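Protein chains in written order, with this note's numbering: chain W, 1 to 333; chain F, 1 to 333.
In case anyone wonders, no lab produced these hints; they're calculated from the structure. Heads up, some of the hints might be wrong.
It does not matter which identical chain is meant; a pair holds if it fits inside one copy or across any two.
What the hints assert, rightly or not - Below, a list of computed lysine-lysine pairs in the DSS-like style, where the Cα atoms sit at most 27 Å apart:
1. K230 <-> K7
2. K2 <-> K279
3. K228 <-> K7
4. K279 <-> K92
5. K279 <-> K7
6. K202 <-> K2
7. K254 <-> K7
8. K254 <-> K325
As the structure is a computational prediction, the values presented were derived from the model and not from experiment.
Number of protein chains: 2
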Amino acid sequence: MKKLINKAEDVVREELQGVAAAHPDLVRVQFDPHVVIRADAPVQGKVGLISGGGSGHEPMHGGFVGMGMLDAACPGEVFTSPTPDQMFEATKAVNGGAGVVHIVKNYTGDVMNFEMAADLARAEGVEVESVLVDDDVAVQDSLYTAGRRGVGTTVLMEKIAGAAAEEKRPLADVAAVARKVNDFGRTMGMALTSCTVPAAGKPTFDLPEDEMEIGIGIHGEPGRERMKVKPVAEIVEMMSVAVVEDIPFASGDKVLAFVNGMGGTPLIELYVVYNEVNKFLQARGIEIVRNLIGNYITSLEMQGMSITLLKMDDDLLKLWDAPVKTAGMRWGV
Amino acid sequence: MKKLINKAEDVVREELQGVAAAHPDLVRVQFDPHVVIRADAPVQGKVGLISGGGSGHEPMHGGFVGMGMLDAACPGEVFTSPTPDQMFEATKAVNGGAGVVHIVKNYTGDVMNFEMAADLARAEGVEVESVLVDDDVAVQDSLYTAGRRGVGTTVLMEKIAGAAAEEKRPLADVAAVARKVNDFGRTMGMALTSCTVPAAGKPTFDLPEDEMEIGIGIHGEPGRERMKVKPVAEIVEMMSVAVVEDIPFASGDKVLAFVNGMGGTPLIELYVVYNEVNKFLQARGIEIVRNLIGNYITSLEMQGMSITLLKMDDDLLKLWDAPVKTAGMRWGV
Chain W
1 MKKLINKAED
11 VVREELQGVA
21 AAHPDLVRVQ
31 FDPHVVIRAD
41 APVQGKVGLI
51 SGGGSGHEPM
61 HGGFVGMGML
71 DAACPGEVFT
81 SPTPDQMFEA
91 TKAVNGGAGV
101 VHIVKNYTGD
111 VMNFEMAADL
121 ARAEGVEVES
131 VLVDDDVAVQ
141 DSLYTAGRRG
151 VGTTVLMEKI
161 AGAAAEEKRP
171 LADVAAVARK
181 VNDFGRTMGM
191 ALTSCTVPAA
201 GKPTFDLPED
211 EMEIGIGIHG
221 EPGRERMKVK
231 PVAEIVEMMS
241 VAVVEDIPFA
251 SGDKVLAFVN
261 GMGGTPLIEL
271 YVVYNEVNKF
281 LQARGIEIVR
291 NLIGNYITSL
301 EMQGMSITLL
311 KMDDDLLKLW
321 DAPVKTAGMR
331 WGV
Chain F
1 MKKLINKAED
11 VVREELQGVA
21 AAHPDLVRVQ
31 FDPHVVIRAD
41 APVQGKVGLI
51 SGGGSGHEPM
61 HGGFVGMGML
71 DAACPGEVFT
81 SPTPDQMFEA
91 TKAVNGGAGV
101 VHIVKNYTGD
111 VMNFEMAADL
121 ARAEGVEVES
131 VLVDDDVAVQ
141 DSLYTAGRRG
151 VGTTVLMEKI
161 AGAAAEEKRP
171 LADVAAVARK
181 VNDFGRTMGM
191 ALTSCTVPAA
201 GKPTFDLPED
211 EMEIGIGIHG
221 EPGRERMKVK
231 PVAEIVEMMS
241 VAVVEDIPFA
251 SGDKVLAFVN
261 GMGGTPLIEL
271 YVVYNEVNKF
281 LQARGIEIVR
291 NLIGNYITSL
301 EMQGMSITLL
311 KMDDDLLKLW
321 DAPVKTAGMR
331 WGV
């Protein structure tokens with residue numbers, strides 16, 4: 001294992017110390033339990049938006065804390081759910097009197113722990129709405145999941161629901177917007193290489209030098225199929241068909257197309273992928289009205305990518321375009 | 001070789017097609033010869049700012065074309081200098097009557113070709129100033145270089161000189177600001193792994209499973225020393241000492257600290273690196289007044305990082321903070 005770390009057990013703490021040192025204008029970091037909190041939280045009268053999950057997916061979620069996106073993020077150890085304690089602390093820290101939305105990716109540990117945290121918060125009089133993300137079309141159940149996994153759509157949900165909260169929409173409305181994003185968003189991922197969790201010290205899975213895995217999860221969970229590496233046009237075709245036919249997306253639809261790198265894929269390849277996605281959708285009469293290309297929900301140093309499509313309407317477009325100021329996504333301010 | 005590409009010889013063209021499809025609001029892409037041009041170029045009365053170099057370092061340079069940064073970028077084949085033809089086309093396309101600055105990284109091919117392009121442009125009456133970037137403290141001469149290599153400081157120069165041009169400062173002043181950035185900026189890089197140029201099909205160099213290379217160049221050129229991988233605190237100490245003692249940076253100095261990923265390094269590790277850089281500089285009384293953390297000048301999928309320090313004064317701070325709107329760097333707008 002070659003990594004830019006000190007001790008494996010200190011990676012998350014030291015990363016968060018780096019975040020705290022780098023971005024005091026955006027966030028404050030609380031340790032033991034670890035929570036990344038928007039610098040000016042709680043914002044009075046605004047719905048608080050929190051998410052969390054295992055570390056190793058940066059910039060998600062800690063890099064998305066700030067104006068127009070999350071109010072707090074709960075980072076677990078690498079690929080390990082955060083504790084109810086972290087989520088409860090985050091919920092209290094961001095409650096400005098208008099309630100709190102929990103964005104929960106559909107992994108068994110995350111779901112269970114966020115439920116416990118929501119119960120604890122409600123017992124103290126904080127209104128909490130939970131919104132599940134389960135957008136991964138690759139597999140029905142998975143290694144850490146009953147039902148579909150929550151993947152790329154999470155990033156889009158955090159941006160869009162964050163903008164709705166910034167407009168001071170009430171709790172039920174912010175939760176409804178977030179649920180609409182989940183209803184309208186679909187994702188599929190693939191990997192060329194594995195990744196190594198620091199505490200494990202060896203690759204999560206083995207992938208032969210000429211093979212790829214289609215439908216991979218963000219922790220390296222098995223996907224749909226292993227096969228020989230193909231030209232990217234064929235890879236994008238396979239994945240896009242699975243995504244498009246799931247809702248289904250139809251001719252005339254307007255979409256946000258999100259090409260996400262898994263952490264170790266160079267940007268030059270992500271633009272080659274985007275070029276293929278664009279051609280695929282044009283041929284089906286589906287119009288890309290917004291795009292996002294880069295490493296946003298990653299799996300450590302894994303090489304690979306995911307394709308997310310989100311069906312857009314006027315409200316979602318307006319919320320997507322609204323200003324955002326975080327370490328991982330910024331525009332308009 | 002596992003890559004998300006079709007044919008190796010089509011990578012750059014297809015990447016640029018992806019850029020053109022993704023960012024028509026920011027840039028237009030001209031093919032044969034390839035040039036990425038700011039959508040509203042030429043801007044009348046504004047100095048035009050162009051750069052270029054081999055592809056494979058994305059988002060540099062094409063991702064930095066837009067308001068407040070570059071007016072055009074000339075992408076060569078992967079790790080191959082662009083042609084004088086590309087640079088001449090770019091120079092003409094961005095000339096708004098106030099002259100053009102060429103930002104040239106110090107590699108033999110880039111220097112020679114930019115000189116030819118400048119001569120061609122001057123023969124057509126366009127005023128051109130060339131600014132060399134040679135900020136890499138690792139080695140004096142290198143595989144493709146007489147003198148020091150141009151690396152991380154290039155990104156900061158493009159931002160800062162871009163802001164000066166946006167203010168409509170005259171040609172000599174924009175060039176002077178760019179030269180100040182080169183005088184005040186120093187960088188050193190390291191690699192944990194090699195990278196594979198698509199057309200070559202095999203890794204540029206071999207690095208044993210337990211070794212790293214300190215002082216690596218952005219094309220995998222040899223650095224100062226190969227050694228066993230060490231804890232990141234020791235790696236950062238070695239590199240930071242080399243950077244700090246070069247100008248030298250002294251107690252009381254204000255700096256921009258830029259921790260750059262080589263393309264395959266996960267963000268979680270870059271923040272662990274930043275934490276160490278921050279501690280190192282604090283102990284020496286050097287104050288970080290701005291920072292930049294992420295993958296900005298990359299070497300395909302290489303795992304590794306570079307540390308750049310830029311001594312800041314009031315004018316550089318103001319220009320750094322000015323609005324920028326590009327695919328790879330954006331704030332204030």
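Status of each hint after checking the structure:
Taking identical chains as interchangeable, the C-alpha atoms of K230 and K7 lie at most 27 Å apart only when they sit on different chains, with a minimum of 11 Å there against 38 Å within one chain. Taking identical chains as interchangeable, the C-alpha atoms of K2 and K279 lie at most 27 Å apart only when they sit on different chains, with a minimum of 23 Å there against 38 Å within one chain. In the homo-oligomer, the alpha carbons of K228 and K7 lie at most 27 Å apart only across protomers (16 Å), although the nearest pairing inside one protomer, at 36 Å, exceeds that limit. Proximity of K279 and K92 under a CA criterion of 27 Å is satisfied in neither setting, with 46 Å inside one chain copy and 31 Å between copies.
Taking the shortest Cα distances, K279 and K7 sit within 27 Å of each other only across copies (17 Å), while inside one copy they are farther apart (45 Å). Proximity of K202 and K2 under a CA criterion of 27 Å is satisfied in both settings, with 10 Å inside one chain copy and 20 Å between copies. Taking the shortest Cα distances, K254 and K7 never come within 27 Å of each other, neither inside one copy (47 Å) nor across copies (31 Å). When the C-alpha separation of K254 and K325 is checked against a cutoff of 27 Å, the pair qualifies both within a copy, at 26 Å, and between copies, at 24 Å.
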